[in-house]
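A.B. asks: Sequence:
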Amino acid sequence: MDKSNFKRILMHIYHILKQEKDSFLTITFGTTISVIATLTLIMPFKFPDSGLTGLAVLSSYVFNISPSWLFAIGNAALLVWGWKELSPRFVILTIYGVGLFSFLLKLLEFIPAPSLDDLFLIAVFAGVIKGIGGGLVFRSGASLGGTDIVVVALRNRYGVEVGKYGFYINLAVLLISAPVIGIERTVYGLVAIYISGIAVDGVLRSFDRRRQVFVISKKHDQVKDFVINGLGRGVTLLKGEGGFTGHEQKVVMCLLTPRQTMELKRYLAMVDKSAFMVITEASEVVGKGFKSWKEL
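All residue numbers for the sequence shown refer to our numbering, where the first residue is 128 and numbers rise by one.
None of these hints come from the bench; they were simulated from the model.
In silico DSSO-like links for lysine-lysine, alpha-carbon gap of 30 Å or less:
#, residue 1, residue 2
1, K400, K345
2, K377, K366
3, K351, K392
4, K233, K148
5, K400, K351
6, K345, K377
7, K346, K400
8, K173, K233
9, K148, K134
10, K400, K377
11, K400, K366
12, K366, K346
13, K377, K351
14, K346, K392
15, K377, K346
16, K351, K366
17, K377, K392
18, K345, K366
19, K366, K392
20, K392, K345
From just these sequences and the hints, can you work out the full model?
C.D. replies: And the structure:
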């Protein structure tokens with residue numbers, strides 16, 4: 128790599144660090160609660176974990192070494208590949224998440240496990256907490272490394288759901304873990320990983336979900352002004368034609384939060400009771416005012 132390319136990469140990294148303060152805070156929070164779940168709910172009860180973290184935890188069970196080492200080394204190799212397959216922003220934020228995860232795994236080893244006897248409850252609790260933490264990291268446009276890097280690449284290429292396909296990949300780790308920790312613990316680990324996948328997808332959908340609203344009204348100009356000035360959202364005017372009457376009619380299309388949708392309903396009830404309104408769920412919206420393209 129020549130000096131000019133190296134300088135360009137450093138400048139790109141600098142701009143990302145400067146512009147991504149909120150992302151770093153979210154990644155820090157998500158990573159911290161994921162580490163706490165691993166140290167207090169996964170490892171003390173000898174549950175298997177997912178992906179590269181699962182292999183690192185398994186090495187701790189077998190060789191009694193800190194899982195932070197294998198986690199860091201394995202992710203270094205995957206991130207080299209990830210630099211070619213994914214955006215520089217994703218890789219840089221993931222490097223931060225992986226480094227923080229490895230550091231906290233070592234730093235927070237002193238945290239005691241809770242006094243719980245119900246292994247199923249522990250598995251559910253572990254899955255929910257890890258899923259929320261991982262979902263927040265994914266939401267920021269990063270990952271906690273391991274197979275997450277592979278899954279995010281699949282998501283970007285094919286639009287697959289992160290939690291679902293991560294679960295399929297992690298079945299291999301469970302099979303490897305079974306002879307070491309036993310069938311019962313493996314089953315509980317499967318429950319935790321499955322719930323974690325659901326929680327990850329739930330977090331991602333909850334942030335991205337909007338309502339797509341179509342309004343057919345004779346007072347479409349007033350509706351348009353209300354959405355723009357009253358709700359602070361953009362609108363698109365579509366040209367429509369009545370199938371029965373043949374009359375041309377403009378259709379107002381917009382993307383709103385559930386609260387904004389209710390406000391628009393109340394407005395239509397006041398100004399045009401003959402209006403026709405269609406509401407559908409939009410599971411993901413990317414563009415100005417919503418999810419940024421740089422987070423993909």
